[in-house]
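There are 2 protein chains.
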Amino acid sequence: MEDERSDPDGPSHPRAFPGGEAGRSERQPCELRVDFPVSVVLPAGGTGERTGLSTPKQFCSVLGRPLISVTVQAFERVSWIQSVVVVVAKENMELMMDIVQRFQHRKVRVVAGGSTRHRSICKGVLALGEEEEEEEEEEGEEERPKVVIIHDAVRPFVEEDFLYKIAMAAKEHGASGAIRPLVSTVIATTSEGFLDHSLERGRYRASEMPQGFTYSVIHRAYQRCTESDLEFGTECLHLALQYCGTNAKLIEGPPTLWKVTYKRDLAAAESIIKESLSGSACVIVGGSAGAVTLADALQEAAAALDLELDVVSDLTGDNGRYLSEEFNFIQVSVTGSCLSEVKSLLVDLEAANRAPLHPLVVIWIHLCRPDEVMTPEPAASIMDVASAAKLRNILLYGIRLHQPEDPERWERSVSRVAEITAALVRERSPALVGQLLQA
Amino acid sequence: MEDERSDPDGPSHPRAFPGGEAGRSERQPCELRVDFPVSVVLPAGGTGERTGLSTPKQFCSVLGRPLISVTVQAFERVSWIQSVVVVVAKENMELMMDIVQRFQHRKVRVVAGGSTRHRSICKGVLALGEEEEEEEEEEGEEERPKVVIIHDAVRPFVEEDFLYKIAMAAKEHGASGAIRPLVSTVIATTSEGFLDHSLERGRYRASEMPQGFTYSVIHRAYQRCTESDLEFGTECLHLALQYCGTNAKLIEGPPTLWKVTYKRDLAAAESIIKESLSGSACVIVGGSAGAVTLADALQEAAAALDLELDVVSDLTGDNGRYLSEEFNFIQVSVTGSCLSEVKSLLVDLEAANRAPLHPLVVIWIHLCRPDEVMTPEPAASIMDVASAAKLRNILLYGIRLHQPEDPERWERSVSRVAEITAALVRERSPALVGQLLQA
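Taken in sequence, the protein lines are chains A and B.
Quick note: the first sequence, position 339, residue 354 per this note's numbering, numbers continuous.
Quick note: the second sequence, position 21, residue 36 per this note's numbering, numbers continuous.
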């Protein structure tokens, strides 16, 4: 059974993507200096049998994107990480190459793995060595120690500050590894399946990923270890201890290091990404007073639903940054059934040439005059525009409401717009694009 | 680090609600006979600090329903379980009483807990004793051994077959408990925070919940244990061993026993429930040939999206069972803009008087004549009907499409209807009720 009090970290979810993956910006949240070369080995050869899915879990889609791509991105955005070697089963080489190309990964090398986890990691480490030799020949210099970080392809939420700790400790001590408190009591069983004794939980920890090693330690450990280690072993820290006499420095990691194991974990991962994308939206109002009034009312209603709205008149000048940073846009229109403003926003978003890492959401809010009959035409044309945008990973939806007749009805409409907007931004449903909803 | 090969269970997710919670029926999936009284203690006093939410996690909403209610239901549907004692912090007594009433739980007693987990469980066990004494007085008989199952309020997916194993083993051996393979290597650390050694994983197991005890063993264990045990201990099996000399029988449990710990786990739990509710829908076509044609085409398109459609002409006679078993209904209408069929379905659903455990989804598909102009009136009236239905936990949506003009366009429309239907059934979004979507 588990101890309610064993975990001091408190909230984990809000920290999931503190500034990088969350995409508020691609800037570094802080300047962490690492003045030695660091590379990463990502074993991704698992068969994913525990998820209950036919696709290995690292290739399963999370919000339209393979999990491995999310993990790779977590490393690529760290400026001091030079290269990421992804080790996959031979039959998945092509799939992985496609992912690298489609999601524009720039630091990745794909290497064919071995028959076990250790053999795959070993191949990844050797591939780094080859890379290094080539570099040495070219640059005519030897740089040691070089640190190798080993991580799981299915732990997508690793953060720069923790990677920094692992890299620095590996350089200093030869090896380092993430640990977590035990979530369950660990017990020893008798051969007949009865309780023998339980371990004193405070003395033990769970060994997690990432782990860091100097290149020389991990390379030597794999050169010296036995066939049996390669076949049955799982713990790199253990090899470093046994074959290099290196006692790894252990560092307590955040709960977000958890490993995607079951199908339910894919839903959990998706919820973390969705939450990181749905905290805010940029509202573009143009010059109309009616649009500004609506946007202001909407801002208040959305805030109550934990959706923060930035209202701007257009996306020129300094506001252009939203095009490269924001994940959600709301275009408020008051003129007739005109989609031109939305079309122009879509052109701007395309011009901003954002990497297709996550779907963007664009909501067209059409504020009709009180006497304006809602015609079906815009419904047809927004569907066409949305179908085209979807191909570029932009999800377009419409919401239509009438200008105020009486205050009470207006308030109800505004709060429904806010509710629908928050739901669309959070659920990011591809099936509902092009719909013109009523508020 | 974790071992890819350590878990033999394979798929976990599809088994989540094999027949009970999934709600295909309230019938027992099989007849498991337990001829002695079994009761349950559910400690639910946790503060939920690890979820990062202000509400303790057992009271967090999962698809509109507190997690504790989902767990209680997992026990209530087991015929041979007599009563469930839920132990909550004093300040949550009223909240818990409200939940019992609102979700019509019938076997629950709510008891005020103590300051630690063990003190709370102890109070729950004592409460069962009082209950038993009352019963004995009334019935004039003594029945021993009575088995007590202790479980966590935040492990909602426990299944009858596993409870059966725990109960039978507890009766035979005095105590029993769920175990799981270790997901991570367990390591011992030096006092300076370095790796000392790693445990041989095969020899150890994680102790999970539920656990079972004869009443006499667990009662005696709590009478004899020390203040220190009550203050700092976590493991009931350990108390049974130490104070009663009872070595618990350990039984390997399914991965669905996992504990909802972090906010991401709430999303995972919700995804399991959503999946269990969204595998099928009942399509009501009435007597129209056009509706039948659409339903048949839809059936094929939905099957490709893993949504199984049962097409019926109406819900009379034997088809009445859908009203008490199915979670999703699709009413296909061809006449004008008439909502009368949907209204009548809603009346039938209300008459079926289903416990408000999960939201039902009703989708009105309106097949218009090719020349029929889509008027805005039905949009207004479906919104009114949907707002009223939502109060009764029924989520109503509309989809409108035109009858075939050319086959290609028809096929596109049908596949869009299927896609939208599958999304509505899966997402069960309260914010989008009353919308009339276009296919």
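Since the hints were derived computationally from the structure, they do not count as laboratory data.
One thing to keep in mind: the hints can contain errors.
Repeated chains share a single entry, so a pair holds when one copy, or any two copies, can fit it.
Lysine-lysine pairs mimicking DSS-like chemistry, simulated, CA-CA at most 27 Å apart [said to hold, decoys possible]: (1) Lys180 to Lys105; (2) Lys186 to Lys138; (3) Lys405 to Lys289.
These numbers come from a predicted model, not from an experiment.
Going through the hints against the structure:
For the identical chains of this complex, Lys180 and Lys105 are neighbours neither inside a copy (33 Å) nor across copies (43 Å), given an alpha-carbon limit of 27 Å. Within a single copy, Lys186 and Lys138 get their C-alpha atoms as close as 21 Å, which meets the 27 Å cut-off; across copies the closest is 53 Å, which misses it. For the homomeric pair Lys405 and Lys289, the shortest alpha-carbon distances inside one copy (18 Å) and between copies (25 Å) are both at most 27 Å.
In this structure, the one hint that does not hold is number 1.
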